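Start from the sequences, fold in the hints, and give me the full structure.
In order, the protein sequence lines correspond to chains P and Y. Heads up, the first sequence is in the numbering used here, so the first residue is 974 and it goes up one at a time. Heads up, the second sequence is in the numbering used here, so the first residue is 429 and it goes up one at a time.
Among the hints, a few may not be true.
For lysine-lysine, the following BS3-like pairs were computed, each having C-alpha atoms within a straight-line distance of at most 30 Å [stated by the list, open to error]: (1) Y:Lys477 x P:Lys1026; (2) P:Lys1026 x Y:Lys487; (3) Y:Lys477 x P:Lys1138; (4) Y:Lys600 x Y:Lys527; (5) Y:Lys445 x P:Lys1137; (6) Y:Lys560 x Y:Lys499; (7) P:Lys1165 x Y:Lys487; (8) Y:Lys560 x P:Lys1161; (9) P:Lys1162 x Y:Lys477; (10) P:Lys975 x P:Lys1138; (11) P:Lys1119 x Y:Lys487.
Pulled a few chain P residues facing chain Y out of the computed Cβ check, cut under 10 Å [as the list claims (entries may be wrong)]: (12) Thr1068; (13) Ile1069; (14) Arg1072; (15) Leu1118; (16) Lys1119; (17) Glu1121; (18) Asp1135; (19) Ser1150; (20) Ser1153; (21) Pro1154; (22) Tyr1157; (23) Lys1161; (24) Ala1163; (25) Lys1165; (26) Leu1169; (27) Ile1203.
Just so you know, the hints here were simulated from the structure itself, not pulled from any lab data. Only a predicted model underlies this, so the values are computations on that prediction, with no experimental measurement involved. Positions of the beta carbon are idealized from the N, C-alpha and C atoms, including for glycine.
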Amino acid sequence: MKVDVRTKLLIVAILSLFALIYQDLVVLAGLFLLSIAILLAFRVPLRILGNMKYMLFFYLGLILMQSFFVHSGKPLLRWGDLYLLTTDGVFYGATIFFRFSILALSGLLLVTCPGGDLVLALVKMKVPGEIILMIQIGIRFLPVLKDELQNTLAAIQLRGVDLKKVYKRKVIKVYVSLFSPIIYMIYKKAEKLSILLELRGFRKYEKRTYYRDISFSKFDYFLIGLIIIISSLIIIGAERYR
Amino acid sequence: MSLISLDQVSYTYYGRKEPAVSSVSLQIFKGEKIAITGLNGSGKSTLAKLMLGLLKPQKGQVYLHNCPIEKYPLPEIGRKLGYVSQRPYQMLFNTTVYKEIAFGLKWKGKTRTDTYRLTREYLEYFDLWHLKDELPYNLSEGQKQLVVISAVLVLEPEFLILDEPTKSLDKKRKKHLQSILYNIWSRGTGIILISHDRAFIKDFQGRRVHMVRGEVDCDES
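Printed below as a string of structure tokens:
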């Protein structure tokens, strides 16, 4: 069943808010599992979840860094006077891991919304037109940027540059080369876009109309009710646990 | 022995129902001159990307020198097959025209003297030497195209794949490009020309592979 984008935005907002408010590891772990369950329920392609594996090294780094600087708790690994791993360090590291993951996972929920629907949702929420336009351009630009980056990377390699070997030698020079066509492309696209916007009379008239419309269905109201009940249960449960 | 071989290759872009390339089998031999023709969206550029290993076929296999293309790293493919994209700006990433041509030579391990000599030779051949200090992005589309072609050719690939090279060229430059392609081919470099420019293909005089909706409609010498 089709769910209104505003309902999804509400879920994202509540999950993100909880991730920022709660610091308890058990609550955050519960929210993390809930985020995955929601993504599965909304049939977010699991392929996207696979991309998160690249973040694992970042999380691992965070856990190690926390362990290195947080000296409270029982030492798990030490080298002379230096604490390499402590129970509290692992605890704080895991907390940060869950917090970041919930924020990223909840954001993935919006992947299932068509870009146009997101814009319409913001319009209905009375967000200023200029801000909506910026978000809209941002959404459209991201896949284009990714493609451009991949194309340039391929073009550099097709000229005989082995990026695996270059890493040790002239890494900065090659990556600077990589960004010059991207910056050029962004500049050119922005320039063309501003001209096209003016040609189509952007901001010429005060009221702007939209070809499509979005509206809440009965299922949306049911979901919102469910969200309120689950959120209340989480708040009560977290308070009792504390 | 074929240089590039495609065996029942199919490719469908993510989110599309219709395949861009469907069960294409082709044998391309060393030093051949081939024009791949077809309407917009017939799968010509996708076929080129499959030949270069930039896209991985969902069905079938692409071979380079009888070895599956995925066995080759991209720089190795680039040394064998020179590719000029239909969007030349995507292939420009240096601050001057001279550096753009010299880039590949430096990575190939050429000395400074050889790099200068070859860069000058190619820039003069393409009538671009006077633009050597220009920022490549400031050039006209036609000039950008020629810069990319020279940057690829200077590396002396076995085959040159050109995707819509005449798109931004005027009549005079098209004629110039035609004679350049003939000279390159005469020196033993094979050429795959992807285009829907009928007049240019007629003058190109090579094997013609015509594509319709991702399939090879006719393959004639």
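Hint check: lysine 445 (chain Y) vs lysine 1137 (chain P), CA-CA at most 30 Å. Holds or violated? violated (36 Å)
Taking 10 Å as the limit, does the beta-carbon of alanine 1163 (chain P) come near enough to a beta-carbon in chain Y? With Cβ-Cβ at 14 Å, over 10 Å, it is violated.
Chain Y contact restraint for leucine 1169 (chain P) - C-beta distance below 10 Å: Interface hint status for leucine 1169 (chain P): violated (19 Å vs cutoff 10 Å).
CA of lysine 1162 (chain P) to CA of lysine 477 (chain Y), is that 30 Å or under? holds (24 Å)
Can you verify the interface hint for aspartate 1135 (chain P): is its Cβ closer than 10 Å to any Cβ in chain Y? This interface hint holds because 4 Å falls under the 10 Å limit.
Given pair status - lysine 527 (chain Y), lysine 600 (chain Y), alpha carbons within 30 Å: holds (26 Å)
Agreement of lysine 560 (chain Y) and lysine 499 (chain Y) with the hint, judged by alpha carbon distance not exceeding 30 Å: violated (37 Å)
Below or equal to 30 Å on CA atoms is what counts here, so check lysine 477 (chain Y) against lysine 1026 (chain P). Given pair lysine 477 (chain Y), lysine 1026 (chain P) holds - Cα atoms ~28 Å apart, limit 30 Å.
Hey, lysine 1026 (chain P) versus lysine 487 (chain Y), does the alpha-carbon distance stay inside 30 Å? holds (27 Å)
Next item in the hint list is isoleucine 1069 (chain P). Is there a CB on chain Y closer than 10 Å to its CB? violated (33 Å)
For the restraint on lysine 1161 (chain P), tell me whether the closest CB of chain Y is nearer than 10 Å. holds (8 Å)
Mind checking the alpha carbons of lysine 1165 (chain P) and lysine 487 (chain Y) for me, to see if they're no more than 30 Å apart? Violated, at roughly 39 Å.
Against the hints set out earlier in the document, violations occur for numbers 5, 6, 7, 10, 12, 13, 14, 15, 16, 24, 25, 26, 27.
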